[in-house]
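**Q** Now for the letters of each chain:
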Amino acid sequence: MECVFGLVGNDFAIVAADTSAVHSILVHKSNEDKIMILDSHKLIAASGESGDRVQFTEYVQKNVALYQFRNGIPLTTAAAANFTRGELATALRKNPYFVNILLAGYDKETGPSLFYIDYIATLHKVDKGAFGYGSYFSLAMMDRHYKSGMTVEEAIDLVDKCIMEIRSRLVVAPPNFVIKIVDKDGAREYAWRESVKDAAVPSA
Amino acid sequence: MSIFEYNGSALVSMVGKNCLAIASDRRLGVQLQTIATDFQRISKIHDRVFLGLSGLATDAQTLYQRLVFRHKLYQLREERDMKPETFANLVSALLYEKRFGPYFCQPVIAGLGDEDKPFICTMDSIGAKELAKDFVVAGTASESLYGACESMFKEDMEPEELFEMVSQALLSSVDRDCLSGWGGHVYVVTPTEVEERILKGRMD
Chain V
1 MECVFGLVGN DFAIVAADTS AVHSILVHKS NEDKIMILDS HKLIAASGES
51 GDRVQFTEYV QKNVALYQFR NGIPLTTAAA ANFTRGELAT ALRKNPYFVN
101 ILLAGYDKET GPSLFYIDYI ATLHKVDKGA FGYGSYFSLA MMDRHYKSGM
151 TVEEAIDLVD KCIMEIRSRL VVAPPNFVIK IVDKDGAREY AWRESVKDAA
201 VPSA
Chain B
205 MSIFEYNGSA LVSMVGKNCL AIASDRRLGV QLQTIATDFQ RISKIHDRVF
255 LGLSGLATDA QTLYQRLVFR HKLYQLREER DMKPETFANL VSALLYEKRF
305 GPYFCQPVIA GLGDEDKPFI CTMDSIGAKE LAKDFVVAGT ASESLYGACE
355 SMFKEDMEPE ELFEMVSQAL LSSVDRDCLS GWGGHVYVVT PTEVEERILK
405 GRMD
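Chains as they are written, first to last, in the numbering used here: chain V, 1 to 204; chain B, 205 to 408.
Don't read these hints as lab results, they were simulated from the structure. Keep in mind that a hint or two might mislead.
As the list claims (entries may be wrong) - Partner residues aside, some chain B positions facing chain V, computed with beta carbon under 8 angstroms:
1) Phe243
2) Ile246
3) Thr266
Unchecked claim - Calculated Cβ distances over 10 angstroms to all of chain V for the following chain B residues:
4) Lys248
5) Arg274
6) Glu399
7) Arg406
Said to hold, decoys possible - Restricting the straight-line Cα-Cα distance to at most 30 angstroms, the calculated cross-link-like pairs of lysine-lysine (DSS-like) are:
8) B/Lys302 x V/Lys94
9) V/Lys125 x B/Lys404
10) V/Lys197 x V/Lys29
11) V/Lys125 x B/Lys276
12) B/Lys248 x V/Lys108
13) B/Lys248 x V/Lys125
14) B/Lys404 x B/Lys276
15) V/Lys197 x V/Lys125
16) B/Lys302 x V/Lys125
17) V/Lys161 x V/Lys184
18) V/Lys94 x B/Lys333
19) B/Lys333 x B/Lys287
20) V/Lys147 x V/Lys94
21) B/Lys404 x V/Lys147
22) V/Lys62 x V/Lys29
23) V/Lys94 x B/Lys276
By construction, the Cβ of each residue, glycine as well, lies at the ideal position given by its N, Cα and C atoms.
Given only the sequences and the hints, what does the whole structure look like? Please build it.
**A** Pasting the structure below:
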């Protein structure tokens, strides 16, 4: 089952997601990137129905870009989170998206922030959050070791602890994870944690 | 599990001598898992009207946004704030509009009306108002709250005593309900000021 989790450090926010694309008992691929770079300083880590996940996150990404084109300034993380919640809430009673989202961002004025948005459009600003079966392990691990104002090294150490816990205790544990970070220098990929590498695809 | 018990909540409001108190718990959960322990259920509509929304958090957030919108329009047109009785009618109307596809929320409205007379009411998810002279309760812990309030309530309490009463009633009731708790938020509203306090109870 899909594992997504994230936390806020002293001037950055970090999110990690598993990278398996699964249908029933079949693993289609183990290097599916579920953390989308929304704009220069925002990350959206999504889990849930794969079609909805890609469709909805791309929709949010394009609308965030449109706002910037129209208004000349980027949206704040809180505004982007509220927009995302609004779209999920409007669709909820018509054609719901089954996507759970952790939206991480960095704003110059307010610093790093992490927003928990579940598939029924419940929005809450959090210091640490997680979705999926992996959340039972990662939230517990973060509750134990998290403190506010962690450095990148401490945060990565905690993320690795969570990944270890998921790998050892979850029955259908995903083998690979991707970690992305957002800070004053922008949103970027930080690392992969792979224990199973996909066979190289021969180029055409 | 009922949709009203998905997130977990507890709300209580009590009338005192020219004052009132409205209190809520702080837990935001997804069934058995706790997501956050600092969730705000009570919002200020204006200095003399407070709205608490129990039930499904996403609908509480949507309903809150719609009500603030309607109240701001009212302020622009009427050039004054809404009376609590009027606001309660507005909430009731908005809820009944969705009679056959309702918002899964139980609101509690508390405010000081004309001549600083305290007004409290609650309603069900389709807008059936329940006015009371002493106290109203809502949420997953409502049965415990009814018992606690009924035994502890006295007429014409001063603000300090009212605060104590409401806090004890809230904390003892949420301790018997696994879906609500993690502290409390208490607002004591008097004609001159509003005091907001955070309670620390059993943090489980």
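**Q** Determine which of the earlier numbered hints do not hold for this structure and return their numbers in increasing order.
**A** Going through the list in order, the structure violates hints 2, 14, 15 and 20 and respects the others.
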